[in-house]
Amino acid sequence: AQRVTQPEKLLSVFKGAPVELKCNYSYSGSPELFWYVQYSRQRLQLLLRHISRESIKGFTADLNKGETSFHLKKPFAQEEDSAMYYCALSGFSGGYNKLIFGAGTRLAVHP
Amino acid sequence: EAGVTQFPSHSVIEKGQTVTLRCDPISGHDNLYWYRRVMGKEIKFLLHFVKESKQDESGMPNNRFLAERTGGTYSTLKVQPAELEDSGVYFCASSLIPGQGAYNEQFFGPGTRLTVL
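Residue numbers (my numbering), protein chains in the order written: chain A, 5 to 115; chain B, 4 to 120.
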């Protein structure tokens with residue numbers, strides 16, 4: 005079965021602390037993994053995708069096929085990082101596939 | 004460019020009534036997706052259009068839900084009759100067909116919050 009698991013509903017840290025939002029997936033094949041973010045009063049937007057292997061707003065995520073994980077990390081959290089983060093996967097099949105989302109993790113960064 | 008737009012932003016209706024949600028994708032995006040987030044749960048796929056054709060409607064909960072995409076442009080999602088469990092936020096997303104640009108990135112609308120009383 006295709007599934008994305010985000011075990012933490014809420015992650016609360018202080019500004020400057022490291023952040024790791026966990027994501028594990030289950031998929032029989034070669035999925036593409038994404039992190040989407042929704043800031044307060046804004047729409048859901050793409051933050052990262054594993055194929056691009058880039059750092060956005062200081063966030064990175066590495067696909068670990070052995071552990072079927074795609075954890076999102078940032079070494080020093082900022083208050084503006086406070087948002088809802090969703091891990092998602094899409095089956096690699098010509099780009100037509102739906103996104104399967106995890107339940108989301110709310111990141112709260114305190115001053 | 005305005006991005007994906009959805010109308011209305013909020014809708015409050017009574018059980019048994021009908022509601023129609025509208026989504027206007029980004030111009031030139033042939034892929035159009037509908038998703039739903041029910042309170043406290045994950046965002047779930049409902050269906051996918053490629054132009055005016057339904058590519059995948061495996062996520063539609065039941066036959067009270069009807070989606071259309073006239074002429075391959077905007078899409079509507081009608082719920083008739085609405086039930087209490089239909090309450091949630093309905094998102095629309097659009098993307099290009101591969102080969103025309105960014106691979107598989109889906110751009111989301113702001114969502115329509117539906118409350119069924």
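Hint data in this document are derived by calculation from the structure and do not stem from the laboratory. Predicted model, so just to flag it, every value in this text is computed and none were measured. Hints may contain errors.
[Unchecked claim] Footprint (simulated), chain B over chain A, 3 or more residues, beta carbon under 8 Å: (1) 48-61; (2) 76-85.
[To be verified] Think about it this way: if two alpha-carbon atoms lie no more than 27 Å apart in a straight line, the pair counts; the simulated DSSO-like pairs of lysine-lysine are: (3) B/47 - A/26; (4) A/77 - B/18; (5) B/44 - A/13; (6) B/81 - A/77; (7) B/81 - A/69; (8) A/13 - B/18; (9) B/18 - A/69; (10) B/18 - B/81.
Glycine is no exception: its CB is placed at the ideal position from the N, C-alpha and C atoms.
- Which numbered hints are broken by the structure, listed smallest first? 2, 4, 6, 7, 8, 9
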